[in-house]
Amino acid sequence: MPQMGESIAEGTLSKWLKKVGDDVKRDEPIFEISTDKVDAEIPAPAAGVLAEIIVKEGETVAVQTVVARLETEKGALAGGGIAGGGRREAGGGDVATAAGPATPVAPASAAPQREATPATAPARQQPTAPANAASHSGNGNSFEDRVRTKSSPLVRKIAAEHGVNISSLQGSGVAGRVTKRDIVGFIESGASAQTAPPASRLPHPALPLPEPWPGDTVEPMTKMRALISEHMVASRHTSAHVTSFIEIDFTRVARIRAKQRAEFEAATGQKLTYMPFIIKAVTQGLQAFPVMNSSVAGTNVIYRKQINIGVAVALDWGLIVPVIKQADNLSLSGITRALNDLAARARAKKLSPEEVQAGTFTITNPGVFGSLMGTPIINQPQVAILGVGAIEKRAKVLPGADGEDTIAIRTCAYFSISFDHRVIDGAVADQFLAFVKKTIETFPETGL
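The working numbering numbers the first residue of the sequence shown as 82 and each following residue consecutively.
In case anyone wonders, no lab produced these hints; they're calculated from the structure.
One should not assume that every hint holds.
[To be verified] Restricting the straight-line Cα-Cα distance to at most 16 angstroms, the calculated cross-link-like pairs of lysine to aspartate or glutamate (EDC-like) are:
hint : residue 1 : residue 2
1    : K99       : E122
2    : K106      : E154
3    : K99       : E113
4    : K474      : E522
5    : K519      : E328
6    : K340      : E526
7    : K430      : D108
8    : K474      : D330
9    : K99       : E109
10   : K474      : E328
11   : K430      : E154
12   : K477      : D330
13   : K519      : D330
14   : K96       : E122
15   : K518      : D330
16   : K518      : E328
17   : K406      : E346
18   : K431      : E122
19   : K106      : E122
20   : K430      : E113
21   : K477      : E522
22   : K96       : E138
23   : K430      : D397
This one's a predicted model, so the numbers in the text were calculated from it and none came from an experiment.
Build the full structure now, drawing on both the sequences and the hints.
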């Protein structure tokens with residue numbers, strides 16, 4: 082089970098594209114997974130025969146769990162009797178999915194005994210509960226806790242047994258991750274009594290569930306929908322959401338786009354939309370206001386050096402946010418190429434895990450459906466998200482050359498910025514919006 086996002090701890094195997102005994106080519110999709118960040122097809126790490134399926138469709142397991150085994154020598158399948166459930170001869174195959182796409186496969190001789198793999202152990206993680214039933218306790222397994230602590234299930238188990246609030250610790254692992262050594266050392270120091278969960282993270286009283294009425298249709302949420310639900314509720318519970326709005330005049334950009342569109346598309350082969358202009362203005366705004374490109378880690382603020390722009394893409398089965406890495410280093414044509422490529426592959430379920438990770442700021446564009454404005458929810462662990470309303474022609478009052486007001490037709494849109502008031506004051510968020518507005522309204526004709 083691949084890691085499909087930096088805060089994702091498990092995934093659901095939604096569909097097998099191959100069955101036991103099928104020939105498999107290297108990089109050929111063999112199964113689909115679903116998380117709150119992505120629905121994706123996962124390719125085979127090597128060519129061979131699908132010898133054993135360990136995790137069934139619909140099961141949710143921890144990342145790095147072995148979900149199947151792939152025989153790289155066809156003769157091993159007949160000799161080992163894997164399809165019948167027995168163990169194959171050592172050295173005959175590869176672990177099919179222990180990591181993610183484009184990662185080396187582990188040799189069969191190094192694979193753990195089936196009885197000990199996470200996929201078959203009694204402690205296997207089950208599909209998550211609906212969002213209104215998710216635990217918000219200090220050291221549970223809810224999405225919010227994983228975002229805050231980024232620790233392993235073993236560390237969270239130890240912390241829960243000793244009443245330790247992991248988010249209060251400074252870990253020694255990568256990106257501040259609390260390791261087993263950290264938690265054991267902390268407990269042995271006798272300081273655990275000081276780590277009771279703060280009152281703001283105590284469990285909320287559960288609301289009664291609605292009952293279906295005669296004639297109603299009841300359908301379970303898809304795994305992706307359930308995880309998005311959990312992610313949104315956790316974000317609302319984590320960040321102090323505030324939203325500001327501004328109107329931006331796109332008339333100049335519309336003229337530049339109309340004037341240079343045919344030449345641009347002929348030279349690059351890419352469709353030129355308004356979004357690359359917006360992304361370009363946003364990257365400059367994040368450079369001018371670094372706190373908008375930060376994350377909150379307890380009482381610390383992490384100012385991200387990289388500017389990685391996530392752009393929400395609506396899918397028939399949910400929502401996904403592919404990330405344009407180091408967008409501040411790209412030209413308008415580079416942003417256009419990256420944006421169109423990521424959106425196309427998102428809809429085709431062809432994104433790799435790293436392409437939905439490490440975003441530092443998100444843009445969502447409900448305006449393509451005609452929405453004028455909205456109050457989007459922050460994509461954790463970021464601190465702000467920009468909402469783009471419909472870009473349309475409006476009658477505006479403008480000062481005339483003779484000093485009198487005049488009515489003119491202008492191409493305009495409302496932008497909204499939802500921000501985390503824990504670290505961003507309203508004045509800073511509004512200054513950021515004003516900066517983006519000015520950058521778009523004065524966009525240079527040579528900016529393409």
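Status of the hints after comparison with the structure:
1. Restraint check for K99 and E122: the C-alpha separation of about 12 angstroms stays at or below 16 angstroms, so the hint holds.
2. Under the criterion of a C-alpha separation no larger than 16 angstroms, the hint pairing K106 with E154 is consistent with the structure, at around 12 angstroms.
3. A C-alpha spacing of about 10 angstroms is found between K99 and E113, which places the hinted pair at or below 16 angstroms, so the restraint holds.
4. The straight-line distance between the Cα atoms of K474 and E522 is roughly 15 angstroms, inside the 16 angstroms bound, and the hint therefore holds.
5. Straight-line distance between C-alpha atoms of K519 and E328 comes to about 11 angstroms, which keeps the hinted pair within the 16 angstroms bound.
6. At most 16 angstroms may separate the alpha-carbon atoms for a hinted pair to count; K340 and E526 meet this at roughly 10 angstroms.
7. Of the pairs offered as hints, the one joining K430 and D108 holds, with about 14 angstroms between alpha carbons and a cut-off of 16 angstroms not exceeded.
8. Taken as a hint, the K474 and D330 pair is honoured in the structure, with Cα atoms around 10 angstroms apart against an allowance of 16 angstroms.
9. At most 16 angstroms may separate the alpha-carbon atoms for a hinted pair to count; K99 and E109 meet this at roughly 10 angstroms.
10. Distance check on the hinted pair: K474 and E328 sit about 12 angstroms apart at the alpha-carbon level, within 16 angstroms; holds.
11. For a cut-off of 16 angstroms, the pair hint linking K430 to E154 is broken: about 29 angstroms separates their Cα positions.
12. Annotation: proposed proximity of K477 to D330 holds, straight-line Cα distance about 10 angstroms (limit 16 angstroms).
13. Pair hint K519 plus D330 holds up; C-alpha atoms about 9 angstroms apart against a cutoff of 16 angstroms.
14. Among the hinted pairs, K96 with E122 is consistent with the structure: their alpha-carbon atoms are about 9 angstroms apart, no more than 16 angstroms.
15. For the proposed pair K518 and D330, the alpha carbon gap of about 8 angstroms is at most 16 angstroms, so the pair holds.
16. Proximity of K518 to E328 is assessed by CA-CA distance (about 8 angstroms); at most 16 angstroms being required, the pair is judged to hold.
17. Annotation: proposed proximity of K406 to E346 is violated, straight-line Cα distance about 23 angstroms (limit 16 angstroms).
18. In summary, the hint linking K431 to E122 is supported, as the alpha carbons are separated by about 6 angstroms, within the 16 angstroms threshold.
19. For the hint pairing K106 with E122, the CA-to-CA distance comes to about 14 angstroms; that is within 16 angstroms, so the pair holds.
20. At most 16 angstroms may separate the alpha-carbon atoms for a hinted pair to count; K430 and E113 meet this at roughly 9 angstroms.
21. For the given pair, K477 sits about 15 angstroms from E522 by alpha-carbon distance, which is consistent with the 16 angstroms threshold.
22. Distance restraint check for K96 and E138: the Cα-Cα separation of roughly 5 angstroms lies within the 16 angstroms cut-off, and the hinted pair is therefore satisfied.
23. Note on K430 and D397: the hinted pairing holds, with a Cα-Cα distance of about 12 angstroms set against a maximum of 16 angstroms.
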